[in-house]
Each structure stands twice: as structure tokens, then as C-alpha cells.
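Asker: Note that the protein sequences, when read in sequence, are chains Z and E.
Per this note's numbering, the very first residue in the first sequence carries number 1; after that it's consecutive.
Per this note's numbering, the very first residue in the second sequence carries number 1001; after that it's consecutive.
None of these hints come from the bench; they were simulated from the model.
Treat the hints loosely; a few may be bogus.
[As the list claims (entries may be wrong)] The following label-pair restraints were derived from C-beta to C-beta distances:
#1 Z:88 x E:1298: 19 to 29 Å
#2 Z:105 x E:1125: 43 to 53 Å
#3 Z:320 x E:1052: 30 to 40 Å
#4 Z:217 x E:1198: 32 to 42 Å
#5 Z:320 x E:1331: 44 to 54 Å
#6 E:1286 x Z:308: 26 to 36 Å
#7 E:1299 x Z:163: 37 to 47 Å
#8 E:1198 x Z:334: 23 to 33 Å
#9 E:1192 x Z:178: 34 to 44 Å
#10 Z:88 x E:1220: 17 to 27 Å
Please read these numbers as outputs of a predicted model, since none were measured by experiment.
Ideal Cβ placement from N, Cα and C applies to all residues, glycine included.
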Amino acid sequence: MTANSAALQRYRTMRRIRSFEERVGELFLRGESAGSMLHLSIGEEAVVGMAGAMAPGDTFTTHHRGHGVFLARGADPARMMAEIAGKEAGYCRGKGGSMHIADRALGHLGANAIVGGGIPHVVGAGLTYRNRRSGQVSVAFFGDGAMQQGILYEAMNMAALWRLPVIFCCINNQYGMGTRVDRAAGRLAFGARAKAFGLQAAIADGRDVEAVSDAAQGLLAAARAGQPGFLEIDAYRFYGHARMDKSPYRTAEEEAAGRLRDPVLTARARLAAEGQADAADLDRIDAEAAAEMDAALEAAVQAAPPPDASMFEDVFAPGTPAPRPQRDRLCAILSEGARA
Amino acid sequence: MSAVETTYREAIRQALLDAMQADPDVILIGEEVGVYGGAYGVTKGLIEVYGAERVIDAPISEPGIVGVAVGAAMTGLRPVAELMYVDFIGLVMDQLANQAAKSRYMFGGQMGVPMVLRTQGGTGRSAAAQHSQSLEAWLLHVPGLRLVMPATVNDAYHLLRAALVQPDPVVFIEHKRLYTMKGPLDVAVPDGDWGRPVLRRAGNDLTIISYSRMLHESLAAAATLAAQGVESDVIDLRCLNPLDEAVLFDSVRRTGRVMVVTEAALTGSVASEIAARIGEACFDWLEEPVLRIGGEDIPIPVAPALERAAIPTAGLIAEAGLWLVRREAPAWAAR
């Protein structure tokens, strides 16, 4: 029953991610999302296999499409939704948004809006865990776009050189913004690149969360023993780069084929086929996820925006004088008292 | 304990040694910092004392070095990353400006990045255009980065010790021509108000504001001016961001005449920013325009004679000062 429970839990998490992303899309279309950019991870839910296999205390960074990873690591969807809506109640008090969400308590060292920018941070975290013999692992989640960034190779070289507890997890959704991966990479065997640096590398079917989970467990155990790893999750991005992108760079046929094996539906069908859950159980899980995310969406819409004065907070640590507001400066220069 | 005579290089090395002794989380990471002892010898012998886990020789991967330092700082270590020359700052600007400087803010105050990036800049070793720049203005423009440029042996030690307990990222720029300079170091007396500009010489006729090696040219110029009866305040900025302006404004409002001296190419420089601030805040007290004195707006040439001619000298500063105060035009002035 334990194995059943774990698989069912993974399904529940995938379904919550799918519902969350659908509601975030609604938030955007209602004009309630902060900012003009929103990157959804629908189709990439099998990343739960990696995120769910990590231990409490393990840390990670994400990039543009990290909502699912963060939810799988225990994030509160209401606080996430509030952050994406730019509200004070959000994880970053409305200063980060979708692309910069973070939570130190859950080990999220930050989502990053620079492709590959958060990758070396897990190597630094790995250095901390090695020096402290803490047994923790740090995982960088990024897309196939980051496979072409130089910083990835500097980071992989250092992780291998110093035998750090680090995993590089590439969610290959086939597109870096609007450019298909075969137009960006001369060679598509990304695992071979990692192996060339001395990393342990695996590729997993991104429509099969159980396959991802199996691969992840092996890599995590090795990383904890000082053998850094690389996991490619072969997936397909169901929608465009950002919410308003209608994907004119790919055909309807390609999209239909790409969506045919939906990781969420695949997991659901397997649970039913193996008799681990019946349709009523699965429907109940789906309905609970939908209700939870409906509530998160409404709470985010209702939540208060951050106060204007908070704009000047957290540029430097508390105790350092905050930056001077423009109007204060102008008053000091132009008021009669100062010029007398 | 009283002050002992030592070099700027040795003061920095001593600060690293003492900081590593005081805090086991302090690590050094950079190219050649370990076995080689640092390109300028600053970290010599530290790997023998603290081992390769804390004194980490990195490959020639500048963005990786700074990125690793950011991650280590986020998770509890206190890294000192070394960038061999400030000229390589362009390579690391993403990790420094987009990552280290912005994490605290964009994550809503959850995560600071308490790291120090040590580097060195400036002219004087005939190192040509890619190894001689003064790029502090590139960094001054980034909110969230502290920026320190010590000019004296005592500051080299104490400002680095202070940087290593700051909760924010600090860029610490040494001057390549100051490494062999000798001066008194008193490790027992900490710097109570790190970062505040200090008055290095007092006088009521003129204010000269400078930092790093140009402080010494400014002090030499002030001595020349004093011999001719012109007394100058000479202010050492020390910490360029955040900048405590009060010391500057107090002086300028007293003297009414001011020169800001930098070694960097003048256009868009730190001197330009400070001149603008003084123009805004001290307009009614100024007797003359705020003068900026800086490097020529050219890449630094390798020929020693051209390199010397490209940056301000004590002679130039003194001549400009005399002109500003006495209206005595130097020989090179246009008629």
C-alpha cells in the first residue's frame, strides 16, 4: 500500500499543479496578474518525480517555468497566487512575481528570469553542504534553453571537479521561447554533455512521472555521496512561451501530437488500470484540487497591494538607511528653508 | 597594541587571515587564490593554514566563481570571491548585478547575499587597456551593491573586516599600485563607522574629494597648495555606496570651492555623480563651478609615458586648485 500511496500522492500533486496553472492563466486573462509575463508549465507536471524525491532540507533554484516544482516542494498556492498578482501577502511581498518567487523555509533559493542565472547558485549551496557535511542536496531546475548558456557548463565543471551534492535537472519542453530545440543545439544528446564533465546522467520520459521518480532517486542518492548528476526530463510545453503567445512557430498537428500523451492523464489512467484508485477517488482528488485553486485565485484577487513605502525596503539589509525618495530630495534642494 | 608599519597587500592578507580565524564560514574562492597565492600575492599561504575546502582554487570561469559565491552565501557560508582584475567585471555582471545585488529585494527581504567580491583596478603597471581600468561607476549604478575602495593600509584591513560582517554583497576594489605602499596598521582599533568619508587633511580654502590611489595625489597636491598659502580639506570617500554625503556637504559649505578627483575615465564617472549631488545640495554656497578632475576619456595605453599622461597627477590637481581659488591660470591654460 506504501507504493500505492506514493504514486497516488504524486498524482494529487500533478493535478494540483495543473489546476494551479489553469487558474493562474485565468488570473492573467482577468487582468489581475502583475506584469506582462506569465510562463505556464502545463505539460511538464512529471517534474514532480524529481521534486517529490528530494528530502526535506534539500534546496533548489528554478527559472521561468517553476510553479510546478515549487508546489511539489510544499508551497502554499494561495501565497504563490498572491505573489503572482503582486500582492503584499505573496511570498516576496509582491516584489518578485512569477519569475522571482522564493521561499527560504522550503529551500527555494529563488526563481530566476535570466536563463541559466540560478544554475551556479546550487553549486554554491553544494559547497556549503559539503563543507558542513550536512547531507543536503541542491537541484537546479531549468529548461532546454539554458542548455545553450555558458554558465551551465562552468557550473557543471565545478560541481564535478569538487564532487558536490548537486543535480542539474533539465526539463526539455522542446522550446526556448519560440525556438525549437533542434534550431538551438547542434547536438541534442544533452546527457552526453553532462557525462563529458564527469557527471552521472540520465534521461527520463516526461510523460511518465514514475519513470522520472525512479531516475531521480538514483541520482539523488549518488549526489548525496558526492557524485553530482544530470537529469533530462523529456517533455512537451502544451502552450506558448507566455500566456499570450499563440505559438505561430509550430503547427496545430505538432501541438496535437505533443499533447496526446498528457502526463497527468497518463498517471491517472495507470492508477486506475493498476487498481490503485477507482474513478470516484480520482474524481474527488481532481475536484479538491480545482476547489483549492479556485479559492487561491479569489483570495489573490481580493488581497491588498503592498504599501508604496515598501518600495524602499530591502534594497540593503535592515539597519542601513533606505534609499531617499525622489520627492524628499527635491524638497531638500528647492524648499526656501534649505536655500536661505 | 599600537600601530605597526606594514604594506597594503599584507594588511588585506591579514584581514582575510583574521576573518577566517574568527568565522569558520569564511571561504575564499577564485583563480589562483590557493596554491599560487593570488596573482598579486594577497592570499599567499592561506591554503596552508585553512586547507583546500576553505581556500578554493577555481577554474578560469569568472561568472561561475561569482555565481557559486552567491549560492554559498544564500545557504550560510560567507564567501570572498576574487576577480583577478576589475576589467573582467563585464563577464560577471549578471551574477553580480542581477543575482547578488537583487536577491534581497526581489525575494521580499527573505534572502540576502552576504558575500565580498575582492578585485583590483587602476593604472600604473603598464598593463594596457584590458587590465588597467577603473570601473567603479559601472557598479555604483546598481542598487543593492555596497562598494568600497580603500586608500590606506589601515582602511585596507578594517574595511575588509567590516565588509566580511555585512549582510549584503560588497564589492571591494583594491588598487594595483597601492599593494606595496607602506603605512601604519592598528588591528586593535576597529573602524567604528565604516564607510563614512573621512577628512584626511583640513583647510578652509578648498575641498578636494577623492578615493583610492587618487587620494594620495590629492594629498600631495594639497601640500603643494599649502606651500602657496591655500589650505585644503581633503576627503577620502572610502565607501562609494551607500555614500554618506554629510561630510562632503559640510566641507563644501565651509569652503565654497570643490574639486572631485577620480582616476577613471571622466564621463559618467563617480566624480560626475558626486559633482551633481554637490551642485544640487550646495548650490547657494558655491563660489565657483564644481570641478571634476579625472582620467582622459580613452582606453589606457601601454606606453608608460602615455599611461601616466592619461590620469590626473598631483601637479594637475594643484594647478587646478590654484586656478579655482586664486584665479591664477596655469601655463597650459588657453589665453
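Asker: Against this structure, judge whether each hint is valid.
Answerer: Evaluation of the provided hints:
Look at residue 88 of chain Z against residue 1298 of chain E: about 50 Å separates their beta carbons, and that is not inside 19 to 29 Å. Our hint of 43 to 53 Å for residue 105 of chain Z and residue 1125 of chain E holds, since their Cβ atoms are close to 49 Å apart. Here the CB-CB span from residue 320 of chain Z to residue 1052 of chain E is close to 35 Å, well matched to the stated 30 to 40 Å. Between residue 217 of chain Z and residue 1198 of chain E the CB atoms are about 59 Å apart, so this pair departs from the stated range of 32 to 42 Å.
The hint said 44 to 54 Å for the Cβ distance between residue 320 of chain Z and residue 1331 of chain E, and at roughly 47 Å that hint holds. The given range of 26 to 36 Å is respected by residue 1286 of chain E and residue 308 of chain Z, whose C-beta atoms sit roughly 34 Å from each other. For the hinted restraint 37 to 47 Å between residue 1299 of chain E and residue 163 of chain Z, the CB-CB distance of approximately 42 Å keeps it satisfied. Taken as a hint, the range 23 to 33 Å holds for the pair residue 1198 of chain E and residue 334 of chain Z, whose Cβ atoms sit roughly 30 Å apart.
The given range of 34 to 44 Å is broken by residue 1192 of chain E and residue 178 of chain Z, whose C-beta atoms sit roughly 56 Å from each other. Checking the proposed 17 to 27 Å range against residue 88 of chain Z and residue 1220 of chain E shows it is violated: the Cβ atoms sit about 55 Å from each other.
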